[in-house]
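> Given next are the chains, with one letter for each unit.
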Amino acid sequence: MPDAMLQIRDLELRYAGVPAVRGLTLEVGRGEVVGLVGPNGAGKSSTLLAIMGMVPPYRGEILLEGRPLAGRKTEAIVRSGVALVPERRHIFPELTVEENLRLGLVGRRSRDGASDDLDRVAALFPVVRDARHRAAGVLSGGQQQQLAIARALVARPDLLLLDEPSLGLAPAVVDGVFEALAEVRAGGVTILLVEQRAQFAVGFADRTHVLANGELRLTLSPADAGDSERITAAYFGA
Amino acid sequence: MTVLQTLVDAVALGLLYALVAMGIGLVFGVMRLVNFAHGELLTAGAYALLLTNDMPLAVGLAACFGAVVALALAMEVVYRPLRTTTPTTMLVTTFAVSFLLQAVALLAFGARGRNVGVLSELNRAVSIGDLRVRWVTLVSIGVGALLLTATALVLARTDVGLQMRAAAMDATTAQLLGVRASTVIRFAFLLAAVVAAAATVLLTVQRPLVTPSYGFQLVIPALVGVVVGGLDRLVSATLGGFAIGFATAVLGDVLPADGRVFLDTALFLLVILVLLVRPGGLFGRTRAAWERV
Ligand SMILES: Nc1ncnc2c1ncn2[C@@H]1O[C@H](COP(=O)(O)OP(=O)(O)OP(=O)(O)O)[C@@H](O)[C@H]1O
Ligand SMILES: [Mg+2]
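Chains as they are written, first to last, in the numbering used here: chain G, 799 to 1036; chain S, 961 to 1253.
If we strip away everything but chain G, and leave its shape as in the complex, we get (with noise of 0.2 angstroms):
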């Protein structure tokens, strides 16, 4: 295992009282992939939530490059190298696009080398510039969702999170999505990668671990892609 980016140790969160993750203890090294999938109300956005100090933990702690989250604000957290590509995606429809991607460079530590970042996510996701002075909430669903991992990405990030950028697209539109996203790994961004629909996950990630009713399940290697069944148990709860 390389030198870990993320610990997450015996996480609990809960709503009101009520948990919706339990005894959650994840690894991510640096440079790794890892995935994290299960089904509906499973605790998996609660948890990247968590990473991004928008949930406060009830127990357990959560650890960025060895030192613990607790207490740091999430505009800290994004200014130490987390950036968060949200559920639905949540990019401004009224703003234009070149705004949407302007605001993701508020996370950045530094404006050094944002124009290079700039043009960097418009060769991995051209529409952002072909539609740069267009409303945001005009574009399409698939190209919203690589406005908001472009935005993520001009924070630069050393750790994204994506919580289910395949949501409401076409299977053609998702491979599309997770071609890019092998790119971002392939330069060294460390990944944690939430989806409920297990096969982009499995396949894409060194490891995945199946979340459901806030508690691990059980942990997946690229080669159990096809196994449908262990998945399927796993989300059911057998």
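Honestly, the hints are just simulated from the structure, not real lab data. Positions of the beta carbon are idealized from the N, C-alpha and C atoms, including for glycine. Hints should not be assumed to be uniformly reliable.
What the hints assert, rightly or not - Pairwise CB distance ranges (calculated):
1. S:1092 <-> G:933: 43 to 51 angstroms
2. G:936 <-> S:1169: 51 to 59 angstroms
3. S:967 <-> G:907: 50 to 58 angstroms
Said to hold, decoys possible - If you want the ones that stay clear, here's a sample from chain S, every Cβ over 12 angstroms from chain G, calculated:
4. 965
5. 967
6. 1048
7. 1068
8. 1080
9. 1083
Stated by the list, open to error - To give an idea of the interface, some chain G residues facing chain S are shown, with a C-beta separation under 7 angstroms as derived from the structure:
10. 876
11. 888
12. 904
Given the coordinates of chain G, assemble chain S with the ligands onto it according to the supplied hints.
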């Protein structure tokens, strides 16, 4: 008095109210807080002008802008714990701050109104063709248009302006991208204060009699405009402020003077009613909490 003359005066007052309304809208955008104490910013500016009546104009203007900005930044600090509370708590707190500040002004300066003399020469009229227009009307139109344009440019072109717009549209996502709530909120108060101070200078020329409720009485109609226009869009809030200022000026020319008292009270009730029933404004997008879900 011609119709055209009434209209020119109404545009001037409309622009001053638009500035006040825009300040309220800027703060609401990034904080979801309707600052009833916005009027006390004007009151502070007016008393600063009063206290520097006999000093050079530059000193008076500096005192006015300084007092308004300082009070606005102090309000931002006082309101900080409210960020995580309910809209009702916010509303009640800003009411309390407003009345507290009015009480302070009452203790410090007494209930009797006093006249600000700064720039009173702007009340002289110029003839433009058949029209007799006061200088303050022309200056108000110029300064109002300039400040509205400048604010629009700040919001459209600068990084902090972009962050303010993003925070107003979707605060959670803005936060996830690293936008600092404290930065955008402080900047919103600062912008609102600068604009309010400029409005104060021009308003005191037209209405020189300063009392502890000076700003409060001006802000209630502006708030009506903001709320009726729609709080969640800065442009409609500002337009609403303009419309109320415009209407007030026209009515002021048309109605007898003793009708004023009832007008203010009615407007005040109206703003509370609309805030409760349609917090997003009559033409706004958001609905009352119990309608949402
Ligand atoms: N803000 C919230 N307030 C209260 N309960 C919440 C909140 N967010 C999530 N929950 C609850 O926590 C549990 C986990 O939700 P979460 O969104 O983390 O699941 P998920 O795995 O991301 O699901 P999905 O695949 O549907 O996105 C669910 O039972 C959900 O109802
Ligand atoms: Mg989710």
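> Say whether it holds or is violated: residue 1083 of chain S keeps its Cβ farther than 12 angstroms from all Cβ of chain G.
holds, 43 angstroms
> Is it true that the C-beta distance of residue 936 of chain G to residue 1169 of chain S lies inside 51 to 59 angstroms, as the hint says?
holds, 53 angstroms
> Would the non-interface assignment of residue 965 of chain S survive a Cβ cutoff of 12 angstroms against chain G?
Holds, since 40 angstroms exceeds 12 angstroms.
> Going by Cβ atoms only, is residue 876 of chain G closer than 7 angstroms to chain S?
At about 4 angstroms, which falls below the 7 angstroms cut-off, the nearest Cβ of chain S leaves the hint on residue 876 of chain G intact, so it holds.
> Verify the interface restraint on residue 888 of chain G: the C-beta must sit less than 7 angstroms from at least one C-beta of chain S.
With Cβ-Cβ at 4 angstroms, under 7 angstroms, it holds.
> A cut-off of 12 angstroms on Cβ-Cβ distance, and residue 1048 of chain S was said to be off the interface with chain G. Does that hold?
holds, 20 angstroms
> Holds or violated: the 50 to 58 angstroms window for the beta-carbon distance between residue 967 of chain S and residue 907 of chain G?
Between residue 967 of chain S and residue 907 of chain G, where Cβ atoms are some 55 angstroms apart, the hint holds.
> The output says residue 1080 of chain S does not contact chain G. Does that hold with a beta carbon cutoff of 12 angstroms?
holds, 44 angstroms
> Quick check on residue 904 of chain G please, does its C-beta sit within 7 angstroms of some C-beta on chain S?
The hint holds - residue 904 of chain G has a Cβ within 7 angstroms of chain S, the shortest such distance being about 5 angstroms.
> Take a look at whether the Cβ-Cβ distance between residue 1092 of chain S and residue 933 of chain G falls inside 43 to 51 angstroms.
holds, 47 angstroms
> Is the nearest Cβ of chain G still more than 12 angstroms from the Cβ of residue 967 of chain S?
Correct as stated: the minimum Cβ-Cβ distance to chain G is 34 angstroms, above 12 angstroms.
> Check the non-interface label on residue 1068 of chain S: least C-beta distance to chain G beyond 12 angstroms or not.
Check passes; 39 angstroms lies beyond 12 angstroms.
Of the hints listed earlier, there is not a single one the structure fails to meet.
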